[in-house]
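Just so you know, the protein sequences line up as chains A and B, in that order. When we follow our numbering, the leftmost residue of the first sequence carries the number 16, and every step to the right adds one. When we follow our numbering, the leftmost residue of the second sequence carries the number 2, and every step to the right adds one.
If you are wondering where the hints come from, they were derived from the structure by calculation, not from laboratory data. Just to be clear, a hint being listed does not mean it is correct.
What the hints assert, rightly or not - Part of the chain A face toward chain B, derived, beta carbon under 10 Å:
id, residue
1, T359
2, S362
3, E363
4, I368
5, F437
6, F545
As the list claims (entries may be wrong) - To list a few chain B residues with every Cβ distance to chain A over 10 Å, as calculated:
id, residue
7, M31
8, R43
9, Y84
10, H102
11, F114
12, P115
13, G117
14, F120
The model shown is predicted, which means the values in this text are computed figures rather than measured ones. Heads up, the beta-carbon is just placed ideally off N, CA and C, and yes, glycines get one too.
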Amino acid sequence: MTQDKIINESGIEVKALYTQEDVDASGGIEMVGLPGEYPFTRGIHKEMYRKRPWTMRQYTGFANAKDTNERFHYLIENGQTGLNVAFDLPTQTGLDTDDPMAEGEVGRVGMAVDTLRDFEIAFDGIDLEKITVSLTINGSAAILIAMYLAMAEKRGYDVAKLRGTAQNDILKEFIGRGTWIFPVEPSIKLVGDTIEYCAKNAPKYSPVSVCGYHIRESGATPEQEMAYAFCIAKAYADDMLKRGLHIDEFAGRLSYNFNIFGNIFEQVAKFRAGRGLWAKIIKEDYGAKDPKSMWLRMIAAGGGGGLTIEQPENNIVRGAYYALISALSGAQTMALCCFDEAYTIPSEYAQRISLRTMQLLIEEMGLCETVDPLAGSYYVETMTNEMRKKMEETMAEVEAEGGIVKMVSEGTIQSKVSAQAFEMQKNLQSGAFPKVGVNCYKIDQEENEVEFHPYDTKDADQQIENLNAVKAERSQTEVDRTLAMVKAAAEADDNVMPAIVEAVKAYATVGEITKKLVEVYGYYQEPIRF
Amino acid sequence: MTKNKIRVLVGKPGLDGHDHGAKVVVRALMDAGFEVIYTGLRKTPRQIAEAAANENVDVIGLSSMAGSHIPFCEKLKPLLKEYGLEDKLWIIGGNVPVKDHDVLQKIGIDAIFPTGSHFEDIIDYIKNRYRQLA
């Protein structure tokens, strides 16, 4: 099939042939360099996977802490090297299991967490030095980070040496994913509190993973995904500078989360371009001296937006290509959406297939033998240069419109990506954008073999019983005292983290702490714009 | 041809934060000439019923992606009666598996548009049913 003109999703024309001339015309190889050296386009480490393959961190969590703990052990026994915890929606939105708004949602899309006790059960028997844990939590992240640190401390780990990650990127929650609680300004302040607290108390912990991922899922193009994520990371960094921290005190612990579905070469170019651009921003605009501050550390993963409900087994094949993209892109961590994930919480079987997909690349396909294997390809180097230029243009547009915080607050960025999502959906329905099993190569009678994860309301009842048992055991005086500290810190505009850590240690609940913060900050009101 | 525009409420029930689909459908319905009211995220059954009554809509549409559609619809049903909305068209879209369709229809949902449904199917359905009801 020949076409006159091919434009990729990021709006860049793809030629039929690339030569050295294209590389030179697009800016040459000035930004390429060597892996482990500025500008890190080829990778943040010198030897990359040769030294250690990417961390495999499937997204997991359901029902309660006990069931989730069992699945964690299953995945670790099967060779998984990190954990990525899914929480239920009440936990994500700061509600306790017994809140009326939580009815019907407890334990449905992830693990229910009310108090520190749930974390003690969930991570029981897991070596937190060997297995690093990522918490997929945003609106209530300050509380869950505090819980994680408190749990580790209780088990005898030195918090100053503890590694791990929290997603904790609230700005993207306003654009996509939607688990916000507080208004935009105090939400950014809370993210800042966690970064500052960790910089001082848990310097190996990564308190934020800035997500282009969900912005892409909401309708952004690959280059916008990265450009908007950089704008968001800059907003958090600017808040830190205002607090008097130097860029090198915290930038090294910022990490990223990006999506991997789409055209293979466009994706690889996106990651290479992004790595160089981020290093340049941190070095030139923020004056970082420590190379680690300039590293774009990332989980390049998921690919949910590329998977289909139609012919779900095709998603196994898609997942393999997405993993290849991630490996070719020099990601630090990988996780794959499972083939059944468009339907349900993945089964053990589906999780194992995803895990094996990544292990196949490591063990059989040679992806860990050589660093940045696509470097020097006329096509990939040209595309890397062009993607970087696109990202710079997009970041300049955001600046011209008053910055990412203003755009998110007013809903203009949400409106922009959802308009793009609408155009994409029309193209998918018309067939202008081919999607196998959806608008071409369809089968008349879909044979749906997906096994559904059961939802049992008894789990919610059990979780309420557990919560009541913890409440009966804890010292109410201590709970009241520490909750008052949380509110006082919020009112004084102090860092709320020390008080939250005290409150979780007293077994105050996620809902109780959230309510104290709401009393000071209020709730977010969503701007509706079309 | 009706003289007034068909009014559609698109609501996001419960705590589910996935609004990509809802917003895309809102745009498609607006393009089709409907008057669309989008509730935004995290609405209770009462907020949805209240909004539908206040906005005097002809169609109540829900978008559910995170699995809690059955308990939500069970709670919404008596409220539709309370607010005098029983005669309105009630539809749902999103991640609504086939195994749940019978239960939803028994609760009183008029039509289900699972992930992968085309805009024109939703638009044609509303237009046809509206004509029958008018």
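What hints, given by number in increasing order, does this structure fail?
-> 2, 3, 4, 7, 8, 12, 13 and 14
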